[in-house]
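Trainee: Residue-level listing of the chains:
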Amino acid sequence: MCESGDLELQIRDIDIYNTAPCGFLSSLPDGKIVKINDTLLQIMGLNRIQVLNKMYFQEFLNTGGKIYYETHYMPKLIQQKVIKEINFQFITHNKEKTAVLVNTVSAFNSEGEVILNNSAIVDISQRKLYEQELLLSKEKSKALSTELGKRNQQLENYARIVTHDIKVPLANITGILNMLTDEDAKLSGEEQEQYLGLLGTSFQNLNDLVDSIFDYYQTDKLSRDKLTEIDLEQLLTDIISLIDAERKVKFNLVGTSVLIKTNKGALKQILLNLLVNAIKYNDKSIVKIGIVCKVLNDHYLFEVSDNGVGIKNENLKKIFTLFSTLNTIDRFKNQGTGVGLASAKRILDQIGGDISVTSEMSKGSTFSFTINR
Amino acid sequence: MGVIKRNNVKVSGEGIKTLFFVHGYGCDQNMWRFILPAFENRFKVVLIDLLGSGDSDVDAYDFDKYSSLEAHADDIIAVCEELSLNQIILVGHSVSSMIGAHVAAKRGDLIDKLIMICPSPKYINDGDYVGGFEEAQIQEMVDTLESNYLGWSSAITPVIMGNPKRPELTKELETSFCRNVPEIAKHFARVTFLGDEREILGKVSSKTLILYCHPDVISPKEVPQYVHRSILGSSISMLKAEGHCPQMSAPEETIAAINEFLLN
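In order, the protein sequence lines correspond to chains A and B.
Mapped onto this note's numbering, the consecutive letters of the first sequence carry residue numbers 16 to 388.
Mapped onto this note's numbering, the consecutive letters of the second sequence carry residue numbers 16 to 279.
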């Protein structure tokens, strides 16, 4: 009995108001502080004399908090007489910021008028840091899921179009094979040869398609290559020998005898795609291709012009979209795969650059692209 | 949806003259509830929630359109036309003082008198002009809004889950006061606090009263004085109340100041 009596006395002697694990503050309706506990004084780095009847609750807040106090906290408190879990930032005496959570309840006199607002204040600095981390990762994951959604959509389109594009030549091949193996058809030697030729073209189309799709998805890898110093003239000579082994195309090179620093694989792929197109979609007896390179302040500018068939105005925008062929048959009687220009654009998007085109029907087209330096 | 429902327009009171109250940034028409009884026996009283605030149709909030205060002014004009109001006394608090100035400049015929409570045409200091804030501080406020997002959500939840037959409803309605859709609140904060409405003041020709408090963090005393100088023939009066919402913190004094202006 005696011991528990002691304990009761000891407990009674503890000054819970001042030693509480949270801050307490009482303020008049205009915000003037009339009572404050030691815990809050410690958080604020102030003493009682500095605060009581001198400072206002609003003065503890940063500017943003002051506006929030006037536009949200106070109106709501007057209306409801109680407000919970408001996240403020207190500015301490040493100008340090402390995140706090404030709960306020109004106290009334016998006439029912508010005479005091009593607030409990919890230091939430640690939790706030955690919350900021959470917000940050939420934003990151949102960006990631948007990107994934986009890719998923691309993949769906891709699967749909590829299936269609592969099915057409496959159907041709099946048809021709049926003809060739049909004993009742009694094909002449000449006809058989013709069908075998068609078979070859269909295989070639299939092969082109598969290659170009492979290239398109290689762009991710290409774009990650390191920047190297490149002899542009040498690079062009290599590409030209690759696509014009028989030296039937007339090239006009301007400003290309320079050393430039960029992603070699990426540049090679873009130039290759543009030059192949310039030759493929050309109906003139002599194919002429101009290549211009300009080294500008913050980027390299390349122009590849041809004397080809040209592109209709309404098609200029869609040619950089994956699988948008313009139903143009090239000089080798093949249909495009709709991948080459999309690849070029995709590479430039990844390494920092842009591509555009101007064209005049039957006169030719000029593709301009930039690569950031 | 008609403008009456869209802006949660409420009409009460009896009188020939119309007192049209427009709340400021942060809250809704409930802001006026302490001063309304003093006017409802003499005036027709019209209350609205600005689009995006209170119980307005938040789905109709078009972020581009409401990037200027003029869009809110157009809503007020539409309400006046819908209710066939003329020669009204428009009382705007805080940012709505400027919305009121837009209405007066655009449709002077609709406005008999304009009462601006704690107005500010520009919150950010600009050369000799004292607005009271630096731009970074306004950003700080938007961050504060963001931090209290969770607090708002918890205030919204009971309303979403609310069953009108439950007795706690009154309490729920009270907690819904000042609740806002966070994205709209942030947008409206930017429109309000980053705006510059100084030019519109010179186009106001209605009889105007400016009421202000001291101290008022949001509209320091230099600002209402600037408004007073910019609107020719305007009256200005300082209230004894402190802070930014005298109609809530000192309703009696606010009522008296409005009455004095209306009787003269």
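Among the hints, a few may not be true.
[As the list claims (entries may be wrong)] Selected chain B positions facing chain A (Cβ under 7 Å, derived; list incomplete):
| # | residue |
| --- | --- |
| 1 | Gly41 |
| 2 | Tyr76 |
| 3 | Phe78 |
| 4 | Tyr81 |
| 5 | Glu150 |
| 6 | Gln152 |
| 7 | Glu155 |
| 8 | Thr159 |
| 9 | Pro235 |
| 10 | Ser249 |
| 11 | Met253 |
| 12 | Met263 |
Quick caveat, the hints were computed from the structure, so don't treat them as lab data.
In this text, all values refer to a predicted model and were calculated from it rather than measured experimentally.
C-beta atoms are modelled at their ideal positions from N, C-alpha and C, and glycine is treated no differently.
Trainee: Does each hint fit the structure? Answer for all of them.
Mentor: Here is how each hint holds up against the structure:
1. Gly41: Because about 3 Å separates Gly41/B from the closest Cβ in chain A, which is inside the 7 Å limit, the hint holds.
2. Tyr76: violated (18 Å)
3. Phe78: Status violated, d = 19 Å.
4. Tyr81: With a closest approach of 18 Å, the Tyr81/B hint is violated.
5. Glu150: violated (11 Å)
6. Gln152: holds (4 Å)
7. Glu155: The hint holds - Glu155/B has a Cβ within 7 Å of chain A, the shortest such distance being about 4 Å.
8. Thr159: holds (4 Å)
9. Pro235: At about 11 Å, which exceeds the 7 Å cut-off, the nearest Cβ of chain A leaves the hint on Pro235/B violated.
10. Ser249: violated (23 Å)
11. Met253: Violated - the Cβ of Met253/B stays beyond 7 Å from chain A, reaching only about 15 Å at its closest.
12. Met263: holds (5 Å)
The structure is inconsistent with the numbered hints 2, 3, 4, 5, 9, 10, 11, although it conforms to all the rest.
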